[in-house]
Amino acid sequence: MAAERIFDRAVSVRVRDCGCEERRLNVRVNIELLSISNPVHKKDLAVRLTDDSDPFFLYNLVISEEDFQSLKSQQGLLVDFSAFPQKFIDLLQQCIQEQNKDIPRFLLQLVSSAPALDHTPVSLNVVETNPFKHLTHLSLKFLPGTDAEIKKFLANCLKCLKEDKVMLEEKLKKTEEDLTRQLSYTQQSLSEKSRELDKLKNEWTSYTTALSNKHSQELTSEKERALQAQTQYQQQHEQQKKELENLHQKSIQQLQNRLSELEVINKDLTERRYKGDSAVRELKAKLSGLEDECQRAKQEVLSLRRENTTLDAECHEKEKLINQLQTRVAVLEQEIKDKDQLVTRTKEVLDATQEQKVILEDSTEEKQRHIEKLETTIKSLSAELLKANEIIKKLQGDLKTLMSKLKLKNTVTIQQEKLLAEKEEKLQKEQRESQEMGQSLQMKEQEVCKLQEQLESTIQKLEESKQLLKTNENVITWLNRQLSEVQMAKKLDSPASAHAVGRAAVSPLAMPDRPSFHSTGISHPISPLYAFQNFLEPTHGKNGNSQCPVPRAGTLTFFSLSLQVQLNSQLLKQSRCSDVHTVPAAGHAANKENGDQLGLESKYFKKKDDSIPLRGLSQNTLNSEYLRPYLPAKAQPSPKAAGTPASAYFPG
1 MAAERIFDRA VSVRVRDCGC EERRLNVRVN IELLSISNPV HKKDLAVRLT DDSDPFFLYN
61 LVISEEDFQS LKSQQGLLVD FSAFPQKFID LLQQCIQEQN KDIPRFLLQL VSSAPALDHT
121 PVSLNVVETN PFKHLTHLSL KFLPGTDAEI KKFLANCLKC LKEDKVMLEE KLKKTEEDLT
181 RQLSYTQQSL SEKSRELDKL KNEWTSYTTA LSNKHSQELT SEKERALQAQ TQYQQQHEQQ
241 KKELENLHQK SIQQLQNRLS ELEVINKDLT ERRYKGDSAV RELKAKLSGL EDECQRAKQE
301 VLSLRRENTT LDAECHEKEK LINQLQTRVA VLEQEIKDKD QLVTRTKEVL DATQEQKVIL
361 EDSTEEKQRH IEKLETTIKS LSAELLKANE IIKKLQGDLK TLMSKLKLKN TVTIQQEKLL
421 AEKEEKLQKE QRESQEMGQS LQMKEQEVCK LQEQLESTIQ KLEESKQLLK TNENVITWLN
481 RQLSEVQMAK KLDSPASAHA VGRAAVSPLA MPDRPSFHST GISHPISPLY AFQNFLEPTH
541 GKNGNSQCPV PRAGTLTFFS LSLQVQLNSQ LLKQSRCSDV HTVPAAGHAA NKENGDQLGL
601 ESKYFKKKDD SIPLRGLSQN TLNSEYLRPY LPAKAQPSPK AAGTPASAYF PG
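Residues 1 to 652 (UniProt numbering) are what the sequence shown spells out, left to right.
Honestly, the hints are just simulated from the structure, not real lab data.
Each hint can be trusted.
No farther apart than 27 angstroms at their CA atoms in a straight line, the calculated lysine-lysine pairs in the BS3-like style are these:
id	residue 1	residue 2
1	K357	K444
2	K379	K151
3	K250	K284
4	K242	K284
Simulated restraints on C-beta separations:
id	residue 1	residue 2	range
5	E319	T209	34 to 40 angstroms
6	E436	N389	33 to 39 angstroms
7	R481	C449	45 to 51 angstroms
8	L402	I150	34 to 40 angstroms
9	N389	Q97	52 to 58 angstroms
10	Q454	A114	55 to 61 angstroms
For each residue, glycine too, the CB sits at the ideal point set by N, CA and C.
Whole structure, please, built from the sequences with the hints as guidance.
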């Protein structure tokens, strides 16, 4: 015999008893096709009604092809036996769709002739309601299940529950093993990263201390040289001024002598001479103003031409740097995708465990209900035993006349006691099984809680990594912006120095406009942007000892990428700490010249006491602790560069 299940759902049914009010009941309808091949091949339709809350509620109906013909003739059906199961299922689905409405169009009625559903035959009616009357489409008569059928049904339910329990335990073990492996791998990677971070911090601190000492010495020496040069230029200026005053006095005396001679000869032309002198003075003033404007225009033309050439070179370098940063961004995006996949997998595992938990809870509730029903049956049997004992006491007086009847009664009571003992043993077994299931359920709940905590921790780490990626992108854009400003400032300062030498040669009074520092190769006061650019590129002065080997654009690319790694690890460490770092008010004032800091948090721009403020670059760029470990070894200051003046790197 082969059974094919075609429908198994819970349906809301209205129960109508004899002499009782109509009530609702959730009944599970199970429809199966039974194919029998011995001795004759035929098919039967088996319909079973059960209640999930009452395991002893069982009604069966088996319809063969011969029974269907009589049912078809009695109720006027128009379908054959092969199409009847699908039509019956369609009617049940319409009842399910309408059961939540106040006035359903299709409904199921379970009608019983007895005052209660107490193992009596019932009829299941599929009724359609309309404004005129109730139309019964189909009426099926069900028989209550016998004790053997109920036992068989309960045994099948228990078997299914045990199979589900074994499957859930296997799945739970697999998930535990996977999660423990992932946890051990992540802990190992975290320990390795923390070691690398500590190593890089130590290297950077040693490098910065040496660099700060060197720059402080160079700064003091350069200040002394600047003061000496200033005093020399002031003395030269005073000497030239005295010589010009003497020449001017001599020329005035000569003119006065000549004027006295001309007065005697040309008394009549004095008025014309005064007018001519006034006109000549006005023209001289205009001529001097026009000459100054012409020189300024020439200077602007030269500076603009030089700016065009420098901007072309800068564009080429920026394109190279952009390509390198794009490759780095692609690598980071791939890492984020991998982490997203890992989070989705953990979510799927969590959903599966939650579903298993719900199934286990339902099974325990069903077993508890079954135990309660067994207890009620035991109570009823005990009451019957008490009644039997009373009857035995009454019949003891009639022992002589009713000896044969008493023997029969004794045999009946012995059998009942045996049945009672068997049922008590079964009840104890069920109680033990329910206790074991409760303990296993508690263990499963604890394991599910642990898995949820691990999932929350992984989600938090993923969010932190996303925030770190955003901050890294902001830092990269900010460094690019600062590099462009520094390079432009350098190119603006180099033409200005060349022009200052030309002005000194063309000055009408043979006086230079700005002092030139021959020891450093700079002919005008050094701007802070040019000083920082000299920190990025080696300066080639006249002296061979004034070179400072510092890496160029390639090293800066390595510097920006390594800075990104440092910021990642630093932010992870700060997310675990509860200390809140505040930025001093002096740090805010020093960064006002740089404008917006591209959305970076204030903890990346913390003020240091040993820092030197620069107008063209943020003070935190040179003094931040995040930049220390990433300068290469070639950028370390050499002892030969001790003679380089400090004004080439920082303003006085």
